[in-house]
Amino acid sequence: MRRLLPLVLAAALAAPAAHAKDVLHLYNWNNYIAPETVKRFEASCNCELKQTYYSDNEEMLAKLAAGAKGYDIVVPTGNALESLIKQKKLRPIDKAKLPNLKNINAAYLDTAFDPKNQYSVPYAYTITMLGYNDEKIRELGIPMDTWAVIFDPKILEKIKGRVTVLDSSSELMAAALKYLGHSINETDEKKLKEAADLIKKAKPYWAAFNASSYIKELTVGNIWVAHGYSNDIFQANLDAQAAGRKFRIVHALPKEGAVLAVDSMAILANAPRPDLAYKFIDFMLDGKNSAELSNLIGSGNPNNDALQHIKADVKSNKAVFPDQAVLAKLEQQKDFGAKDRRYRSRLWTEIKVR
Amino acid sequence: MRWKPRGGSMPGTSSPAEGAGVSASGARHPSWQARDRGTGRWLVSGPPLAYLLVFFAIPALIMVVASFTPPGEYGGLAPLFEDGKANLTLEAYERLAGDPIYWEVFAKSVVYAGITTLCCLVLAYPLAMLVARSPRKYRDLLMLLVILPFWSNFLIRVYAWMIILGPQSALSRAVNAVVEPLGFEPVSLLFSSFAVLVGLVYVHLPFMVLPLYANLEKHDPALLDAAQDLGANAWQRFWRVTFPLSLPGVWAGAALVFIPALGIFAIPDILGGTEDTLIGNLIKQQFLETRDWPFGSVLSIVLTAIALALAGLAAWVSRPRRTA
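Chains as they are written, first to last, in this note's numbering: chain A, 1 to 354; chain B, 355 to 678.
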């Protein structure tokens, strides 16, 4: 508190002065830009970057739907991007102002969510997969290259109570659908039902539906297998190493395919400072700046120019930087219509309750 | 007659002091009351009334309107007026009425909140009595200790329980050291209904202690002496004298625990296993993941109605009786 007080006072006194300074408001995921990148950007634009955070797309969409204003840039995942575009909440992008756009790998451009990238520029991606405790899994001799690890009772028997799955209907249904050989964006009610039944049969073997604390649970060794995001699994391993654990937390990308979540930068239609927003986006398209995020949180990177700046141990992880053949099996989630969302919600309630 | 419980108190709305039988109304000061019929009273009660109107009544009304509106395709609500016609539907209510699964979740939430309230009562009563009967100079300090947990954030305290109940914890290991030799499978304390209940009881306990203490502290010890003189043993003195007198505090505490416990979502999210979805989680899911605001509103309204009905029932059960 004693150290905090001068800071608070300084902030209060500086407030009128800061008013004159240019401010860019970034509505971003938690921990989704390296602090040193922020500093360099602020120096280069002679402005201040103010971040507000969200921890999932739904939270961001709900806040914007409720009328939140004042943000310049958001970083939505594909399906949320699609929803924002349809709601006319984004401003078309003038590509002439983004010379560094050439750095982006063409595989990540011109997607179904935003054809021709009229509104968005890829930022980083995560893949939803499995993270596991290498020591325990080696002891038990479980092959980790398949979703069967979290769905097949024969395998689950060996790791009962040591598995968590994401507390997200779209992610868990996607995993089940992939395991059954369907698309993650399936809308056929019979196939969705089949996936829900698979989940219900596997549920008794899981410790919890968990979207927040599985990183810690993996790190301390309580949980041996977690269905989670590649960035979180990376983080869990960093934490485990920092804590001097004997085991490592390792990524496993199931051969059946998985969810690819590409997050893109987009400028809001009511952005107060589109000029600064362009500066920021072009700055983040620079390979060096983009690479800093991958080095920090182990995120996948759609920027060709960034690869040379990414640390070897991050880049060599085939689960996060997969080969073309594997990449082809990954799918991005679409934005479901109200009717499909409802049907899935009904199934999800049943999964959670019965 | 100072100690006689004065009824008409509705749990949750009465101040504990009033529940304890201390006249909080101006009845003892007729002259004061007569002078101040008009403006003074509004000056005092206006701001809180305005606050309730703006931050409770209006949002509640918005929710009622939302519950009759079709959902928007991308979340939010469909426009209220379309082609000059009001765009209203009973669809969300019909969906709730026709599907037992949602009622199962309501029932489960009521059971969890009920168990929480009972556990809080059993734990808080002796504690409140102990504090109320300790020397006057220590009472404030002891009450301060009861509310001390409020000084740190609620989520941090719940996260602390993850560590206490985790498989590596001393508690878990001690429990399993007893259970396993007896031939049972090792138990997992974390991510279970047990963990959710522990969290619920822990978080809500002070809300039970405070009204109970406020009530018990006002009891006249002479009553117990009189009961003893008349031959009542310790149990009879408690059951026939102390407990009936404390009922207003019990009801107030029960309402303060039961109602928040009914709608909570954070604790089952953090401590719950695969079976612990309560109505709060379901409502949160409707607003965020499903983006179905009308259905979320319907669930919220039903939740409020259940809470009100149960509070009304409690008020009716604890209504003053002229006999005794």
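By construction, these hints were calculated from the structure, which means they are not laboratory data. Take the hints with a grain of salt, since some may be wrong.
To be verified - Per label pair, the in silico range of CB-to-CB distance:
#1 B:Val418 <-> A:Thr52: 41 to 47 Å
#2 A:Leu307 <-> B:Ala432: 45 to 51 Å
#3 B:Val533 <-> A:Glu157: 16 to 22 Å
Stated by the list, open to error - Listed next, the in silico EDC-like pairs over lysine to aspartate or glutamate satisfying Cα-Cα at most 16 Å (straight line):
#4 A:Lys339 <-> B:Glu445
#5 A:Lys88 <-> B:Glu445
#6 A:Lys334 <-> B:Glu445
#7 B:Lys462 <-> A:Glu350
To be verified - Output of the computed footprint for chain A on chain B, the stretches with three or more beta carbons under 8 Å from beta carbons of chain A:
#8 427 to 434
#9 452 to 461
#10 610 to 619
#11 638 to 648
Beta carbons are placed, not taken as given, at the ideal position from N, Cα and C, and that holds for glycine.
Hint check results:
1. About 31 Å separates the C-beta atoms of B:Val418 and A:Thr52, a value inconsistent with the hinted range of 41 to 47 Å.
2. Distance hint for A:Leu307 and B:Ala432: a CB-CB separation of about 46 Å, consistent with the stated range 45 to 51 Å.
3. Roughly 20 Å separates the CB atoms of B:Val533 and A:Glu157, a value that falls within the hinted 16 to 22 Å.
4. As the CA atoms of A:Lys339 and B:Glu445 are separated by approximately 13 Å, the hinted pair is consistent with the 16 Å bound.
5. The straight-line distance between the Cα atoms of A:Lys88 and B:Glu445 is roughly 28 Å, outside the 16 Å bound, and the hint therefore fails.
6. Proximity of A:Lys334 to B:Glu445 is assessed by CA-CA distance (about 26 Å); at most 16 Å being required, the pair is judged violated.
7. Distance check on the hinted pair: B:Lys462 and A:Glu350 sit about 14 Å apart at the alpha-carbon level, within 16 Å; holds.
8. Remark: the stretch 427 to 434 of chain B is confirmed as covered by chain A, as 4 of its residues place a Cβ nearer than 8 Å to a Cβ of that chain, reaching the required three.
9. Given as covered by chain A, the stretch 452 to 461 of chain B passes the check, having 5 residues with a CB less than 8 Å from a CB of that chain where 3 are the minimum.
10. Against chain A, the stretch 610 to 619 of chain B contributes 0 residues with a C-beta closer than 8 Å to a partner C-beta. That does not satisfy the three-residue criterion, and the hint is violated.
11. For the stretch 638 to 648 of chain B, the stated coverage by chain A is satisfied: 8 residues place a CB nearer than 8 Å to a CB of that chain, which reaches the threshold of 3.
Violated hints for the displayed structure, listed by number in ascending order: 1, 5, 6, 10.
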